[in-house]
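Trainee: Each chain, letter by letter, is given below.
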Amino acid sequence: MADIAVGDEIPPFVREPGFHHWNRYAAVNDEFVPIHMDNEAGRAAGYPSAFGQGNLQWSYLHNVLRQWLGDDGTIEHLSCSFRGANVKGQTVTARGRVTAVTGRDGRRVVELDVWTENDAGQPLAPGTARVSLPA
Amino acid sequence: MTLISEAMQAAVGRELSRAVSYPISVSDIRKWAIAVYYPEEPPRLFWDEAYAATTVHRGIVAPEEFNPFAWMTAEPSGVPPSGASRVDPDRTERLLGIEPPGLKFMLNGGIDVEYGVRMRPGDVITSVQSLAGYREREGRLGQMLFSTSENVWTNQRGEVVRRYQGTVIRY
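Note that the protein sequences, when read in sequence, are chains A and B. For the first sequence, the positions run 1 to 135 when this note's numbering is used. For the second sequence, the positions run 136 to 306 when this note's numbering is used.
Check the hints yourself; a few may be wrong.
Here are some of the chain A residues that sit facing chain B, going by a computed Cβ distance under 10 Å [claimed, not checked]:
| # | residue |
| --- | --- |
| 1 | Y25 |
| 2 | V28 |
| 3 | D30 |
| 4 | G46 |
| 5 | P48 |
| 6 | N63 |
| 7 | L65 |
| 8 | Q67 |
| 9 | V98 |
| 10 | A120 |
| 11 | G121 |
| 12 | P123 |
Stretch by stretch, here's where chain A covers chain B in the computed footprint (C-beta under 8 Å, at least three residues) [said to hold, decoys possible]:
| # | region |
| --- | --- |
| 13 | 147-158 |
| 14 | 186-194 |
| 15 | 224-231 |
| 16 | 246-256 |
The hints are simulated quantities; they were obtained by calculation from the structure and are not laboratory data. Virtual Cβ for every residue (Gly too), placed ideally from N, Cα, C.
Let's have the full structure, built from the sequences with the hints guiding it.
Mentor: What follows is the structure in structure tokens.
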């Protein structure tokens, strides 16, 4: 990979999640929770519709890092908080911005702010990451 | 008024659950990758053995966030309790055998993970979950309870796969 500098944004990972995505995720994670399957249950919890699993946002944060890092990179640490729900009809974009670049044991260590956001650019799941990749 | 009882505070640090996975299969990894990359094709590292053998991993590995405990575990054995008990907001306190706060709704508040070695086909993962702490604050939807648990996964060689801290919000 070419030079990495503080402030760089990594290529985004974009999806338009709905029941096709949430049901597939429920099927692999055995996560069949009414708020993710049923608009009525989503409304009862205070949202306009059913909404996607927080854990799927978590996977999208891994995806945006993996597609940038390639197979040689390592995700060492990742955190996020769940601020907003991915309700039906939203585009979800996972993004990352480099906040620090250092080195360790001959590898580059990169820290990033990472987040998923909705169509309006409001963060849904903001967090931080530390990754390493070959020098 | 506090949602955090003396019994709840006293339970901080206690073990909540322990589980051992079945050996991870390439099919489990492939399906996970398909689901989280849907509708696009997932990276070949997660499903193409010939390709994966040429990478630094020398074979298929699981996506970092893969869950080998879904559906059924080797220990405890048998099909886990269905639906209602797993989405029970009072699950944490019921596991501890203490009086639960009795809140109606539960959301995933946040995740913090340090990763160790990758999970691979054939790995057997042991999970030990403990209660890390409680806090509370007033939120948009009323008084909200935040409970944090720590979950350490190790593989069959005793290597740490991940250290996970998860926060659940109840209201």
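Trainee: Would the stated hint for G121 of chain A survive a check requiring a Cβ distance to chain B of less than 10 Å?
Mentor: violated, 20 Å
Trainee: Can the region 246-256 of chain B be counted as covered by chain A under the rule of three residues or more with Cβ-Cβ separation shorter than 8 Å?
Mentor: holds (count 5)
Trainee: Closer than 10 Å between Cβ atoms is the bar; does D30 of chain A clear it against chain B? Give me holds or violated.
Mentor: holds, 4 Å
Trainee: Hint check: is the beta carbon of P48 of chain A less than 10 Å from a beta carbon of chain B?
Mentor: violated, 15 Å
Trainee: Would the stated hint for Q67 of chain A survive a check requiring a Cβ distance to chain B of less than 10 Å?
Mentor: holds, 8 Å
Trainee: Under the criterion of a CB-CB separation shorter than 10 Å, is P123 of chain A in contact with chain B as hinted?
Mentor: violated, 13 Å
Trainee: Please verify that hint: Y25 of chain A, Cβ, nearest Cβ of chain B, below 10 Å or not.
Mentor: With a minimum Cβ separation of about 5 Å from chain B (threshold 10 Å), the hint on Y25 of chain A holds.
Trainee: Would the hint on A120 of chain A stand, with a C-beta cut-off of 10 Å toward chain B?
Mentor: violated, 18 Å
Trainee: The hint names V28 of chain A as touching chain B; please verify it with the least Cβ-Cβ distance against 10 Å.
Mentor: holds, 4 Å
Trainee: Please check whether the region 186-194 of chain B has three or more residues whose CB lies within less than 8 Å of a CB on chain A.
Mentor: As far as the region 186-194 of chain B goes, the hint holds, because 3 residues have Cβ atoms under 8 Å from chain A.
Trainee: Hint check: is the beta carbon of L65 of chain A less than 10 Å from a beta carbon of chain B?
Mentor: holds, 9 Å
Trainee: Hold the hint about G46 of chain A up to the distance rule: shortest CB distance to chain B must be less than 10 Å.
Mentor: Given a least distance of 6 Å, the restraint on G46 of chain A holds.
Hints 5, 9, 10, 11, 12, 13, 15, counting from the list given before, are not met by this structure.
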